[in-house]
Amino acid sequence: MNHIFDTPKMAERLESLKAGIISSVASVFGFLLTNIINTWLLHLQPFSWTSSIFIGFSGFLFGVTYRYIIRNDDNPHLKSGGVMAFGLVRGLAQIDGSLKNIDISTIALPTESILCFAIAATILDFSIQQNWIQPFLGND
Numbered sequence: 000m001n002h003i004f005d006t007p008k009m010a011e012r013l014e015s016l017k018a019g020i021i022s023s024v025a026s027v028f029g030f031l032l033t034n035i036i037n038t039w040l041l042h043l044q045p046f047s048w049t050s051s052i053f054i055g056f057s058g059f060l061f062g063v064t065y066r067y068i069i070r071n072d073d074n075p076h077l078k079s080g081g082v083m084a085f086g087l088v089r090g091l092a093q094i095d096g097s098l099k100n101i102d103i104s105t106i107a108l109p110t111e112s113i114l115c116f117a118i119a120a121t122i123l124d125f126s127i128q129q130n131w132i133q134p135f136l137g138n139d
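Counting in numbering that gives the first Met the number 0, the sequence shown runs from 0 upward without gaps.
These aren't lab readings, by the way, just hints derived from the structure by calculation. It is possible that some hints are incorrect.
Quick list of in silico lysine to any residue cross-link-like pairs, SDA-like style, CA-CA up to 20 Å [said to hold, decoys possible]: (1) K78 with G137; (2) K17 with T64; (3) K8 with K78; (4) K8 with L60.
Given these sequences and hints, build the entire structure.
Structural data, given as structure tokens:
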């Protein structure tokens with residue numbers, strides 16, 4: 000029989016869901032912050048609901064994945080590697096279509112993504128330290 004609904008597995012899924020939700024909110028907060036700065040300094044287009052939904056969804060996936068990446072480990076390379084991987088993939092995908100017109104606003108996109116995920120990672124680390132989210136312990 001399939002043990003999908005075993006209590007330990009459901010508890011892990013709930014912790015991952017909490018990590019995803021916290022990370023999603025933190026990513027959108029980071030996006031709003033960088034959007035205000037970009038609009039003010041670089042005179043880029045203002046807030047976009049579509050972009051905030053995309054960063055929220057990306058932040059949710061980041062939170063779930065980040066919890067599994069760091070486990071119960073304090074290795075800074077794992078933490079920064081997860082942030083950079085998500086940030087660069089999202090940021091470079093945004094500029095892929097505009098390689099012919101590279102300017103300062105184009106370079107701001109990967110930086111914005113990395114900053115959003117760094118904020119999410121910081122808040123997730125804080126949440127784990129406060130025991131709001133349990134770290135993934137693996138199948139020991």
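Now the hints, each set against the structure:
no., hint, verdict
1, K78 with G137, "holds (17 Å)"
2, K17 with T64, "holds (12 Å)"
3, K8 with K78, "violated (24 Å)"
4, K8 with L60, "holds (18 Å)"
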